[in-house]
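Enquirer: Based on these hints, arrange chain B on the given structure of chain A.
Protein chains in written order, with our numbering: chain A, 2 to 112; chain B, 4 to 116.
Keep in mind the hints are simulated off the structure, nothing from the lab. Hints should not be assumed to be uniformly reliable.
[What the hints assert, rightly or not] Here are the simulated SDA-like cross-link-like pairs (lysine to any residue), alpha carbons at most 20 Å apart as the crow flies:
no.	chain 1	residue 1	chain 2	residue 2
1	A	Lys27	B	Glu47
2	A	Lys70	A	Pro9
3	A	Lys99	B	Leu49
4	A	Lys99	B	Asn55
5	A	Lys57	B	Asp103
6	B	Lys81	B	Ile8
7	A	Lys57	A	Thr78
8	A	Lys99	B	Glu47
9	A	Lys99	B	Asp33
10	A	Lys99	B	Ser10
11	A	Lys99	B	Gly45
12	A	Lys27	A	Leu95
13	A	Lys57	A	Asn31
14	A	Lys27	B	Gly45
15	A	Lys57	B	Thr104
16	B	Lys81	B	Gln40
17	A	Lys99	B	Leu116
18	A	Lys99	B	Asn101
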Amino acid sequence: SQQGEEDPQALSIQEGENATMNCSYKTSINNLQWYRQNSGRGLVHLILIRSNEREKHSGRLRVTLDTSKKSSSLLITASRAADTASYFCATDALSFQKLVFGTGTRLLVSP
Amino acid sequence: DAGVIQSPRHEVTEMGQEVTLRCKPISGHDYLFWYRQTMMRGLELLIYFNNNVPIDDSGMPEDRFSAKMPNASFSTLKIQPSEPRDSAVYFCASSLGNTDTQYFGPGTRLTVL
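Chain A on its own, in the form it takes in the complex (with noise of 0.2 Å):
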């Protein structure tokens, strides 16, 4: 089964708004990165985050992790409509040796 999984699948809003998206995943990792994939493109990595940090910020991304939980969240704020895009949170499970993509949310940012 799949070491990611992210909520909600898909996500509408107005740009302006801010975006949040989740990622759950089931066991102990090093890191977990996330990643945007534009339609018809690759993926490109946004950020990462170790295990032993709580919070890390990029531009208008601010990431979490919880790792008592097994969770993680990607926030964007003030959203364009340019960040219409996937957004994929991608583990390192101790267990598999390489990262773990998850299934990703689906967001639109419309005008």
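Expert: Just chain B now, kept in the frame of chain A:
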């Protein structure tokens, strides 16, 4: 660096034909990954290499699929014979370490008729 390069970008073929997808990783990256993405199954890891050696091919769906990495700058994914259910977007990615940030190519959209 130009990033990960994949060719062709689009491939349309008929059932039973051989298909070869190509990938050039970022120079200096020791790991290369092949993924398949479909609406139904999402993003699946097919196989990955470390220093040109296949490490984990547990995601390769069946014997019709094979992958090679003859040198550090080139890899191929071959499907022979191809079937309609192989239609998908195939991505190649490379990284410095097996769980480090991965850099994806633009993908090859394969359609098998």
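Enquirer: For each hint, tell me whether it holds in the structure or not.
Expert: Results of checking the hints against the structure:
{"no.": "1", "hint": "A/Lys27 with B/Glu47", "result": "18 Å, holds"}
{"no.": "2", "hint": "A/Lys70 with A/Pro9", "result": "17 Å, holds"}
{"no.": "3", "hint": "A/Lys99 with B/Leu49", "result": "12 Å, holds"}
{"no.": "4", "hint": "A/Lys99 with B/Asn55", "result": "16 Å, holds"}
{"no.": "5", "hint": "A/Lys57 with B/Asp103", "result": "17 Å, holds"}
{"no.": "6", "hint": "B/Lys81 with B/Ile8", "result": "17 Å, holds"}
{"no.": "7", "hint": "A/Lys57 with A/Thr78", "result": "14 Å, holds"}
{"no.": "8", "hint": "A/Lys99 with B/Glu47", "result": "12 Å, holds"}
{"no.": "9", "hint": "A/Lys99 with B/Asp33", "result": "14 Å, holds"}
{"no.": "10", "hint": "A/Lys99 with B/Ser10", "result": "25 Å, violated"}
{"no.": "11", "hint": "A/Lys99 with B/Gly45", "result": "17 Å, holds"}
{"no.": "12", "hint": "A/Lys27 with A/Leu95", "result": "11 Å, holds"}
{"no.": "13", "hint": "A/Lys57 with A/Asn31", "result": "15 Å, holds"}
{"no.": "14", "hint": "A/Lys27 with B/Gly45", "result": "18 Å, holds"}
{"no.": "15", "hint": "A/Lys57 with B/Thr104", "result": "16 Å, holds"}
{"no.": "16", "hint": "B/Lys81 with B/Gln40", "result": "16 Å, holds"}
{"no.": "17", "hint": "A/Lys99 with B/Leu116", "result": "33 Å, violated"}
{"no.": "18", "hint": "A/Lys99 with B/Asn101", "result": "6 Å, holds"}
Hints 10 and 17, counting from the list given before, are not met by this structure.
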